[in-house]
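Enquirer: Listed below, chain by chain, are the residues.
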Amino acid sequence: MDKTFSVVNQSVAKIDSKSLILGRPVYTDDMAPKDALVVKILRSPYAFAKIKTIDSSEAKAIKGVACVLDWRDVPRIPYTRAGQGHPEPSPHDRFILDQYVRFVGDEVAIVAAENEAIARQALKSIKVEYEVLEPVLDFEKAADNPIVIHPEKEIHDMFPIGFEPLRNIAAAYSMELGDVEATLGASDVVVDGSFTTQSQAHVATEPHAAFAYLDIHQRLVVYTSTQNPFHTRRLLGQALGFPLSRIRVVKPRIGGGFGGKQHVHVEPFVALVCLATGRPARCALSRREVFDATFCRHQMRIDMRIGASKDGKIKAIDMGVLSNTGAYGEHALTVFMVGGSKTLPLYNKVEAVRFGGKVVYTNTRSAGAFRGYGAVQGNFALESMIDELANKLGMDPIEIRKKNMVQEGESSDVYRVMGEGREGVEMVFESCKLDYCIDRGRALIGWDDEPLVRSIAPGKIRAKGMAIAMQGSGIPLVDMGSATLELQDGGCFKLRIGATDLGTGSDTILAQIAAEELGVPLASINVYASDTDHTPFDVGAYASSTTYVSGNAVLRAAKKMKSVLIQAVAQRHSISSDDVRFDGHNFLKSDGSVIQDLESLSLDTLYHDGEQMATLTATASFSGPKSPPPYVAGFAEIDLDTETGKIDLLRYVAVVDCGVAINPALARIQMEGGAMQGIGMALFENVKFDAKGRLLTNSLKTYSIPSREDVGQIIIEFAESYEPSGPFGAKSVAEVSIDSPPAAIANAVRNATGVRLTETPFTPERVLMAISDRGSALSGQ
Amino acid sequence: MTLSCTVNAKAVTVECEPGDILADVLRNAGFTEVKKACGTGNCGLCTVLLDGVPVASCSVVAARAQGRTITTIQGMAKEAEELGAYIAAEGAEQCGYCSPGFVLTALAMEKEFRDQGIRGFDRAAVKHYLAGNLCRCSGYQGHLRALEKYLEAQRG
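Protein chains in written order, with this note's numbering: chain A, 1 to 781; chain P, 1 to 156.
Check before you lean on any hint, since a few could be wrong.
What the hints assert, rightly or not - Partial chain P-side listing against chain A, Cβ under 10 Å, derived:
hint	residue
1	Asp-51
2	Ile-73
3	Gly-120
4	Arg-136
5	Leu-144
6	Glu-148
As the list claims (entries may be wrong) - Taking lysine to aspartate or glutamate pairs in the EDC-like style, the calculated list, with each CA pair at most 16 Å apart, reads:
hint	chain 1	residue 1	chain 2	residue 2
7	A	Lys-18	P	Glu-110
8	A	Lys-18	P	Asp-24
9	P	Lys-127	A	Asp-192
10	A	Lys-34	P	Asp-24
11	P	Lys-78	P	Asp-122
Stated by the list, open to error - Covered stretches of chain A, as calculated for chain P (at least 3 residues, CB under 8 Å):
hint	region
12	204 to 214
13	277 to 291
14	501 to 507
15	662 to 668
16	694 to 704
In case anyone wonders, no lab produced these hints; they're calculated from the structure. Ideal placement from N, C-alpha and C gives every residue a C-beta, glycine not left out.
The task is simple: from the sequences and hints, build the whole structure.
Expert: Written out as structure tokens, the structure is:
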């Protein structure tokens, strides 16, 4: 690799950083019009119920109440809230409001009032009589349960996804390559295990918020904290039965997403109120509402079997998944499929591999997209089992991985067969530095410096564990991004992108890509993003797509822009464009003489050139046939207290191959933050419901995300890597960061105690029970 | 009721209900730099200085601020920008939603440590002081790198 860069691969500060740090009014709720009606939602206290009667006459009579809407007042159009491509791979199984409520927190009525206090009073004045129904709360008992959560006739899938609502099944899928049973039967050793993961909450710090108003042309304008403004516009149009031509969606700065804002949540409510009253309307959820009634990670049970030969060659992998989509089927099929499609290719030399299972409805909050999206669940199961296999064979966990894992230049049949909700694509992994990641991580954690397990005090064991992981970079042939560059007077460029910066710094790195290709300083690129009226299409920020997909679109637009500039100069000076080059400041002839500079060109084309005057623009889109995986090797060092079961994570090392980091500081923060969320999932973020399906962990008092005191050091390093299909060699980093901690920590616990933890999070209670179970099992032998 | 207090060195008088929460009253009065996130006093995002002491304004009844001095991040913009530059160099503000509360608490910490004569960068003490300021994006490591450099620069 011999690449030198001047703007990319540099750790420049985020272009919006000063405004963010000083708390300028840049988030949705900061910007809501002062005269906007305050929208509040009446929510179901029951996990499953039919609304027998609803009387809002008293609420409507309160002075300052502008409108109250219930299921009888809204269009009965089934839609999906999942922000995905078209046709949506999620079932259309949701109405904006329905006569049935399907989880505690489900929406019953929409209230709009002059202020918050009146809106609250109105909520209390609505009289609802429910016929309380028996809920289905346990996802293990959901399929074919006599209680049917979705008997509605209108709901449907957009193409076959295994949708069988009368069996409480939102989606199902299976595939097999080779003969798994026969290959397992012929294997020298077989390990098996069953793993469960919790419905982790995103806890993006900014609660979901939106406001809507009618513009001067009476079009509906919605500002919202969304990860995908274009999908939101399409879904909103579907749900409201309102023409897309009359909807504009704008994303301001947003306070984190992690997948939690990849859906339509509050937009229909403010839109309905705005359309009903003609007045601006705003809605910001409380933290409790975010917990109770927005989405979570799909809870999963994953059953694994792996067969290998005595020398440690993995011959067959069998992965069966049961996924809990909650009350509605957002991302049901795709999250579940990613559980296999972004884990199984790690071991691509197997003779047989099988993946299958189903996604079931329950009367709990809906699951949706969440960073790692199936892959983190699948990785926990797969990478735990790989260590079990190593144990059974008496092999080093690193040795067994190196013997079997994917290598640069190879391919995976799983990639060909399984995509996200569709068939996959065939692709060669052109960049894979997993070998280096493992070796470097091994050195950083000190894998060989001391025994993997040692007693450091009575009742205290220090141990290490590791896991590897992969992810993707966008969804091949589905995800598309676009960019428009325009030369403005003064010689600067307007970069308009549909891409959605959710705090990650994508506006900055996309500007870096444009600046690098044009050869201009970063300050010459002015970014405007995420506005369906004023920026070109982009699917939005999910599936680790922005750097790779939107970045490639920006790169193409910048290449095009350069040639547009050169042609303009050539035409103005009646010379061949072959004789003109641009050095980022001046246009030069091949003999090195300066023709003119960029600033003068911008003035000439906009003010001086008579009939030849023109706005110089270039637009390009990108949708690739590949999704090059980033890779990570994660290493955990823990202290385990055998008296209390408490795990202290001392160090977490992750060495990542994300291709070229467009902005190493931002890539590093993504890795650190993602690892912390994976650590939270592994250790702290416990989800509890009561017997009636009420979420008990619905505040930051009861649901613990990691604080800065909870974890020791997170150490991130990057492998030198270059992805030929990526913009300036880049892949992605957002999701791969979260994948490895659960398995790496579980493997450290296994090394420490001999106990295999199979359920996240590894709370002290669970660890202690697992240790004592083993103790009693051993003493009973 | 009428609430009179000083916000960022300016006299502010607003009408509010006795039970209103300080964070809401401040936001409604235009101080939108006070961000709301948990509503239970657990995340530190809505931190303001009340007579110089960091408090979670979502857990303070507005009436308590009667006659007192409130400082938001905008009231310490110069210092915030200085520390902010270190945070931005690490990319550690990420979505930025926790930044105003975090930066304000960090500035209060810097002053407190200075007043107590604490020198150098005590990693554990810094982590402990700021433990109530949650961040979901960054994983906190970048905050620490920024604070270490900032505190060292402050001490000359």
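Enquirer: Against each hint, give a clear statement of whether it holds in the structure.
Expert: Do the hints match the structure? See the list:
1. Asp-51: Nearest chain A Cβ about 20 Å off; hint violated.
2. Ile-73: Holds. Min distance 5 Å.
3. Gly-120: 19 Å, violated
4. Arg-136: 5 Å, holds
5. Leu-144: 8 Å, holds
6. Glu-148: This hint is violated: P:Glu-148 lies away from chain A, its Cβ roughly 13 Å from the closest one there, beyond 10 Å.
7. A:Lys-18 / P:Glu-110: With a Cα-Cα distance of about 20 Å, the restraint between A:Lys-18 and P:Glu-110 is violated, given a limit of 16 Å.
8. A:Lys-18 / P:Asp-24: 24 Å, violated
9. P:Lys-127 / A:Asp-192: Violated, because 41 Å separates the two Cα atoms, which is more than 16 Å.
10. A:Lys-34 / P:Asp-24: 14 Å, holds
11. P:Lys-78 / P:Asp-122: 24 Å, violated
12. 204 to 214: holds (count 4)
13. 277 to 291: holds (count 4)
14. 501 to 507: holds (count 4)
15. 662 to 668: holds (count 4)
16. 694 to 704: holds (count 3)
The structure shown violates the earlier hints numbered 1, 3, 6, 7, 8, 9 and 11.
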